[in-house]
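Each chain is listed here by its residues.
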Amino acid sequence: MLVVADLPRGNYTIGVSESTGINELLSDMSYLIEAPTGHLVFDFTHTASNLTQAVASEHLPGHFGFHPLDRTIEQLSFVGRLAEMPLLTCCQHKVSVVLPGLSSHLGQFFTQLGVFELMNKWKVPVETRDIWEPDGARDDETRQVLIPLIDIRVNNASSPDAAQITEIRHRITGSLFATFEDVDAAAQISEMIGDIVKGIADLIRGGLLASLYFPTTGYLELSMMNRTEGAVGSTPDEQLDTLASQLETTAPAFQQVHDRVMRCYGTLQLCNGFASTLLAPDGSFATMVERNGLPSINVPGPRATVVLQMPGEALILWEPFAYERVTMMWPNILN
Amino acid sequence: MALNMALVANYFNSEPDLLKIRYFTLGAKPLEIGAVGLDSSDQDVLCFDSVSGIVAYRNGIVMVDDQNEVTHYSISEIRVVSVLPTLPIEPGLRVKLAIDQVRRLRTGYRPSYSPLEKPWPLMRPRLVSAAEREIEDYGNTRSFLDSVYGRPGLVFMKDGRLNAQHFPGPRAYDLLYRRMATRFVRGIGIAKSGKVLEVVRPYARAIRKQVGYLPFAILISEEHLEAAHPGPRSKPGLRKTLQHGSSGQALGGVGAVRFALSISGEELCLVEFNLYDLEYFRPLIVSGHTLEQWAQETFGPEKRAIYSWDILGFVTERDWEQLFVPTLEEIVYAAYTDTEIGLYPRALANVHNLVKLRQADLEATRRRLIVELGWRGISPDMIPITLEDTHKTDPEIVNLEWE
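Protein chains in written order, with this note's numbering: chain A, 1 to 335; chain B, 336 to 738.
Just so you know, the hints here were simulated from the structure itself, not pulled from any lab data. Check the hints yourself; a few may be wrong.
Said to hold, decoys possible - Stretch-level coverage of chain B by chain A, calculated; a stretch enters the list once three of its residues show a Cβ under 8 Å from a Cβ in chain A:
1) 624 to 631
2) 688 to 702
Stated by the list, open to error - A few chain B residues that face chain A, going by a derived Cβ cut-off under 10 Å, partial list only:
3) S385
4) V386
5) L428
6) R429
7) V430
8) L432
9) T442
10) S447
11) P636
Cβ atoms here follow ideal geometry from the backbone N, Cα and C, with glycine treated the same way.
With the sequences and hints as input, model every part of the structure.
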């Protein structure tokens with residue numbers, strides 16, 4: 001949200017919270033179209049870390065330790081697009097970011113995710129600021145950054161860089177082998193996630209990628225956004241048509257990703273500009289279009305998010321419950 | 336037991352002491368820019384049993400201009416959701432995870448810590464559709480604020496309270512209304528019922544006798560809140576209604592300052608104001624500080640929960656002059672110039688009419704679903720549409736049905 005718009009001095013601050021998405025950022029920027037040239041700060045200290053003071057497992061809130069990775073990828077891609085392509089995005093302001101200090105849980109998470117490194121790489125000035133956290137609040141220490149922020153490159157044929165994909169596959173395998181006792185299941189799941197990464201890199205032609213894994217609950221998120229291409233189609237409806245036709249032209253890659261996501265009880269979301277499609281684990285399919293009247297010139301390109309439900313490590317230790325059998329069956333289901 | 340009807344009659348003719356409350360009459364002030372109404376509705380479509388079925392919901396937004404004429408509206412298509420907690424394990428898991436994951440992607444918040452940990456709770460399907468439409472309302476509000484329609488000066492009226500009882504929860508609603516305040520859109524919750532309204536209703540009746548046809552508003556004070564929610568302040572029920580902030584227990588949302596508004600006759604509704612529109616709390620939006628942080632800095636480190644009465648002490652004269660009175664008078668204007676109903680702001684009345692799921696809509700959806708089940712070999716006579724009411728034992732009714 002645009003929290004400071006000091007026109008005479010040219011100081012502008014956009015508070016970036018965990019719920020800030022691409023539409024909110026575009027809407028904020030629309031207020032600055034004719035603002036005098038100045039300094040635009042993206043202040044990430046408005047984000048919360050989803051900590052808890054609860055100790056008992058049964059009282060843990062749903063959002064404990066959770067970070068909506070798709071939003072983070074959108075926010076960072078947006079900053080990167082403005083900083084790297086000022087002419088294309090008509091952004092005449094000097095862009096910088098304020099990140100939470102390393103003494104906070106959020107600052108530590110951003111470090112693990114590679115946000116500081118990414119900003120250095122993009123030459124975006126960074127300032128850190130301490131943020132308040134409740135006394136005794138704790139974060140989910142089991143959370144793993146399965147894939148830290150990485151820019152997936154594409155070659156002339158729009159295929160993702162094979163060396164990068166191989167490196168990512170190795171990293172996933174290493175993390176999951178350390179987590180799962182069942183080596184065969186870990187190998188199968190690693191291969192499956194590696195295929196999904198390659199598949200969505202094919203679909204959206206590379207971009208900024210990251211993945212988080214919560215071993216205790218078996219929850220995995222993977223998100224990628226192509227910040228350089230821009231949305232295809234000038235209106236939300238055209239963008240939806242383009243998305244549908246792209247899915248047809250890239251049918252084998254799409255089919256491969258969808259098949260693996262379904263087998264991992266997951267959801268696949270694909271977006272182009274203000275249009276998106278959502279394929280849920282029950283086989284349902286939905287499309288959404290945001291007709292908000294905003295120009296789509298500054299929308300970074302296509303994006304994809306995958307949410308998977310893996311068998312969590314702690315589930316086996318819990319007392320029996322109805323779904324346990326499903327998770328125990330998983331290695332067989334995956335075959 | 337015999338009744339003393341003289342005592343019962345006191346309900347209608349008691350004359351409470353009006354000096355005990357703070358009330359004021361209102362005029363009708365033309366809308367500064369316009370007003371927006373947000374509402375949604377849900378209904379059962381197919382009831383397989385008391386915990387399984389398919390439910391439908393729809394929501395929308397209506398916007399009126401400064402002359403109270405409708406200039407824009409957006410009504411969603413009818414959406415359906417299946418609630419099937421007793422399905423076999425594999426398909427049951429898929430349906431459950433689909434609801435969870437879609438909610439997560441739509442809101443940016445995770446609904447449950449570990450969805451595999453517990454099976455679905457057995458609850459009425461309507462509760463699931465109510466939760467879905469809350470999420471849709473949240474998304475609709477976000478989209479509206481992002482769009483070119485969300486202009487500074489608007490009054491954004493939500494049907495119901497500005498609470499945060501449902502998913503995506505207190506933190507999400509806190510951020511949403513902070514954002515509304517940065518857009519200079521005044522967030523208002525209008526509820527037609529509530530315990531606190533019953534507490535002030537005798538006063539409202541007495542005031543009506545004094546002021547005649549004039550609209551008036553009563554400030555809901557700490558005493559009214561305590562009368563509506565008696566007992567120790569640590570009681571969990573209080574949190575639901577009166578605790579504010581972004582902690583997981585702050586289910587009161589942002590509606591911290593309330594008025595009982597009577598536009599005409601005996602009608603009374605509760606109007607809640609977004610606490611981030613108050614002069615004192617606006618700086619928190621810029622700094623990004625949470626209400627909990629502010630409370631600890633203001634009241635000391637022991638202060639962990641912020642209740643409505645904590646907020647009331649920080650209301651300034653400027654809030655009265657530039658927020659409460661003008662906005663209440665704009666709401667009166669929006670209701671008075673409505674030729675259809677005359678008791679309720681036009682934007683809210685219109686959106687209510689448009690989103691309401693009528694029998695014809697439901698029947699079309701029901702038939703479509705029955706046909707689709709038919710394609711999968713399920714005969715229509717196997718599909719229950721409504722639940723038998725187990726308490727329908729009145730012989731008059733039963734005999735009429737047999738006839």
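Hints breached by this structure: Numbers 2, 3 and 4 - these are the hints that the structure violates, sorted from lowest upward.
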